[in-house]
Structure formats: structure tokens, C-alpha cells
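Student: Chains as they are written, first to last, in this note's numbering: chain V, 17 to 262; chain D, 26 to 361.
Since the hints were derived computationally from the structure, they do not count as laboratory data. Hints should not be assumed to be uniformly reliable.
As the list claims (entries may be wrong) - Mimicking DSSO-like on lysine-lysine, the simulated pairs with C-alpha atoms at most 30 Å apart in a straight line are:
#1 LYS29/V to LYS198/V
#2 LYS147/V to LYS345/D
#3 LYS131/D to LYS147/D
#4 LYS129/V to LYS131/D
#5 LYS202/V to LYS190/V
#6 LYS210/D to LYS146/V
#7 LYS131/D to LYS105/V
Quick caveat, the model's predicted, so the values are computed rather than measured.
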Amino acid sequence: MKPLLKIKNITMKFGSLVANEDVSFTIHENEIVSLIGPNGAGKTTLFNCITGFYRPFSGRVVYDGRDITGMTSYEICSLGITRTFQIVKTLNEMTVEENVMTGAFLHTRSRKKAAEITEDILDLTGIIPKKNMLGANLTIADRKRVEIARALATNPRILMLDECMAGLNQTEIKDVMHLCLKLKKKGLSLLIVEHIMEAIMPISDNIVVLNAGKKITEGMPQDVVNNEEVIKAYLGDRYHAKSKKS
Amino acid sequence: MVKNKKALFILIAVLALLPLFTQTKALLNAIILLLIFATLGEAWNLITGFAGQTSFGHAAFFGIGAYASAVIFYRYGVTPWLGMVLGGIIASIIAGIMSYPCFRLKGHYFAIATLAVAEIIKQIFVSWNYVEGATGISIPIIHRSSGFAQRLFYLQFNDKLPWVYICLMLFALVIFLCSYLENSKMGYYLKAIRESHEVAEAIGINPTNYKLYAMIISAFISALCGSIYAQYILYIDPFMMFSLDISMKIVLLTVLGGIGNIYGPIIGAAIFIPLSEFTRIKLGGSGTGIDLMIYGLVIVLITCFQPKGVIGIVEMLANKYKRQKTGGEGKIEATS
């Protein structure tokens, strides 16, 4: 597999607070990478550094052989890296269809072509029945789906999902998992930030664990869950003790 | 979209037939002003209704357009048609220059900045001798025996009817342009920027550029209206053309009609302009401001109960009717 996105020694500071310290990892083509870590570990900050919402203090982001550090977020998006937001930002005064269509216009001027892309994406994400509803009237699960659909409509090579399963019920989480696998099959790479272990363990190819801004380990899902440091930092001491006993 | 176009044609046909039923000067005057302000409202709607950047300074572009055509006619005898285009270009350039730094400001601060810019431009015109400063310009009248072709060339008529059709033509062009833009990539992008700056950036939109395009188009249209207005009333001065009153009128009538909707400005103008003309005629000088008082009340009521304006009320009623017709199973689309 060819490496697609290389994150090299990213450090991000807000004043004296170090949100990310020397984080490096690689996303390969057609791979699902998950970024986990307790609250405040710096996952969203790292997301923002990669997508150009923040300019990292030091370090490089290299996409497909090209240094994209410090580029604006819209330039990065048009190169093929699209993100969603942890706090969903549905375009409230627009319908679901219009929400997705806005994304679909990225690589075309033609309304007809954008409508075709939108139709495909709506179908893929399963929100066709709600396409005429206003963003403001959607439930949280649908909002998250629209968030993903809108990002997908920009036809990215890497899709970055920021806690797109939080607050969903079991069935809805399963839907999103299936969607992720479907996207992988279509050749996309995914970077997922998530807390729900049951959901990401089965679908991830690689897991990166952050704690207090630093990367503590990286590896296959089964290796990561058995890593002592991870259990201590992420799953808590109680779970740590339990795992020792067994 | 096809349905949309049909409605537009009907609207324009109705407006075109309207003057045939009346020859009253006061009424024709009201129709002309109505069309000019509706066009201004459309222009303002582009930047504020679609892109969400509140501008309180559109009188600046209106005034620049008026001055451009008036000055080159007054000084050099050049046809106002050319002045109109020139005014549009100057207004666009100024809009571009002022917007680029102002777009760094968000929300209220952008609105305040536009207010300040309009005031600065007014002060410049007040103390600028080349444009006759505070005295204003009386546009030279062409000979009364001039033929229609000549009158059209110099944009001066001794009758109100041609004005109605010139204004209507401009309005029709602008509303079709707005309708086209609304359904194009640019329209979608502007709305996305209005709803969320961050989402816009995350899906590959450069917000500054698109806001700039909207502002430039908006300023160009406003300037055209200014030129036509100047030629129509034949006298301009900075206090009249750059007044806050005009900026506010544009804002209020669009909000009343329905902000972010292409029919909003024409509906708002159709309520507001006849009201102000009527009070002006009936009450004369002593009644100045009464229209604004009534109008203020209407605005307060509208914004309290239906922030989408008259259009919002119509939509609400239409939805209710639809739901009744389908036995309470109407879709919940487009209500909020």
C-alpha cells in the first residue's frame, strides 16, 4: 500500500498549553486509521492541524508527496482531504439535498452534474427519504449522516470523521460502520476519531493512541487494546486491574 | 426551476401591464420608485440575504452610480448610459477595495464598517469641488423639442411612461440574474457561507472570494439604480444620495418582503413605496416620517412573528393549505 498522508512530528501549542507534541503517523491508500484517546488528548486539534484550520507550531503534513502544512482549509479540501465536525454543523436553512449539493459543486460548475453526484451520495448514505427536509429539522443521527454525505460529495481521497458515532444508538452506529467499510471498498482512506471501541475495533486497519497530546502507541486493534499504557491511559485503572487479573 | 421562471415571467408581465391602467403621474412615480428600490433590494439581498454579510452602506454604491453618470453628463456632455456603466465599474472597484479588509470582520462589526465607509464617501463628496461639493449637481436639461431617440440617448423624458419601462427592464434583468445565481454554484456557496463559515471552508469554498464576488455584483447593480434615479429626478446632492435613509430603506423593505428570497425585495417595495408616497402626498412636509413610523411598527411585528417576512407568511399559509388538502399528512418540508 502506498502512503497517502504522512503526519510528521506535529506540535501544536496554544500559549503555554501543548495540545499536540511530536505526533507522527502515516495513512496509506485504502486504509482505515482510527485516532483514539481520552478527552482532551488533542485529537480534534490534530484534525484541525491536518485540515488547515490551525497552522501547526512545528512539523509537517505531507499529502501524496506534497507538503500541505499551512495551506488554507479550502485548498486542502480541493486537493482531496475533507473533514466533518465533532459538533455537527448542518446548514440549517438548507434542505438535506442542498446541504449535500453544496459539497458536490467543488469540482464542477454544472448544476446537473452536481445533482447527479448528490443523488449518488444520498443513495450511498441512505438519506434519500429525507432529502427535502430542512437541516434544522433533522435528528442528531440524520445530521451526522448529512455531515458525512456533504463531506463525501466533495469526492475526497481521505475522509476525516470527527466523532461521527457519538450520541447514536446501536443500530445507527452499525449503519455508520457499514458505511465506513463501503467507503473503504470504494478506495477511500479514512481517519476516524472515535470513543466507541466496539465500533472502531472491527473496522480499523491501524489505531493511533494519543494521550495528553503525545502519541503513546500505534498498531493493529488487538495489539493496541492489550498495550498496558493504553489500558491505563484510555480505558482507566479499573479496567487495567481487571485485565491484569485475567 | 422551470416553475420558478414561469412565476418570474408572470410577475414581470403584471408589472409591465400596470402602467396601462393608469396615467396618474403620482401613481407612475410610485411605480418607478418601487422598481428602483426593488432592484436595490435585490442587489442588497445578494450580499446580505444570500451571503449573510449585513451591509448598511449600500447608499454609497447608489450615490457613486448617480454621481458618475451625472458628472460626466454635466461636465462633458457624455451620454448617461456610458456614465451608468462607468458608475457600475467604479462602485464595483470601491466595493472590492473596501470589502477585502472589511470581510475580516464578522457579524455586527462588518455592518458597522459598511456604515462608516458610506459616511466617509459622503464626506468626500461634500467637500469635493469637481462634483460641486455640497451644492449638488443640477443635471442640464436637453432642448424640449428633442426627439425620442435623442431623449433616450440622454435619458431625459418629458413623460413618466418611458421611465417605468426602463426601470422595469433593469429590474427584470436583475431579478433573472439573481434567480440564476441562486440556483447556481455561487448561490449554493453563498448560502453555505451564510450558514457556517467553517463548513464552507471544510468543503472547499474560499469564503472571502465568494463574498467579494457577491459584493462586487451587488455594488454594480446598486450603481446602475443610482444612475437611473439621478437621471429621473435630475438633481443630486451628497446628503440625498448618500443618506443613511436610503441605506435603511433598502434594508428594511427587503427584510419586510423576505430576506434571502428573490421575491422579497419586490414585495417589500410594493408595500413600502406606495405607503411612503401616499403619506407624502396626503400630508406634505408635515407628514415626513409618518410612513417610517408605520413602517417601523410593521417591521417590529414582522420580525417578532415571522422573521422570514411577508414571504414567510405566504409560505406558512401555503403549507397549511397543502396539509389540509392532503388530510393532515402534508410533508414537513420547508417549514421552520
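Student: Hint by hint, note whether the structure agrees.
Tutor: Going down the list of hints, with the structure as the test:
Simply put, LYS29/V and LYS198/V have alpha-carbon atoms about 36 Å apart, too far for the 30 Å limit, and the pair is violated. The straight-line distance between the Cα atoms of LYS147/V and LYS345/D is roughly 21 Å, inside the 30 Å bound, and the hint therefore holds. Distance hint between LYS131/D and LYS147/D is fulfilled; the C-alpha atoms sit about 24 Å from each other, no more than 30 Å. Restraint check: the Cα-Cα separation between LYS129/V and LYS131/D comes to about 33 Å, which exceeds 30 Å; the hinted pair is violated.
Proximity of LYS202/V to LYS190/V is assessed by CA-CA distance (about 18 Å); at most 30 Å being required, the pair is judged to hold. Distance check on the hinted pair: LYS210/D and LYS146/V sit about 22 Å apart at the alpha-carbon level, within 30 Å; holds. Proximity of LYS131/D to LYS105/V is assessed by CA-CA distance (about 18 Å); at most 30 Å being required, the pair is judged to hold.
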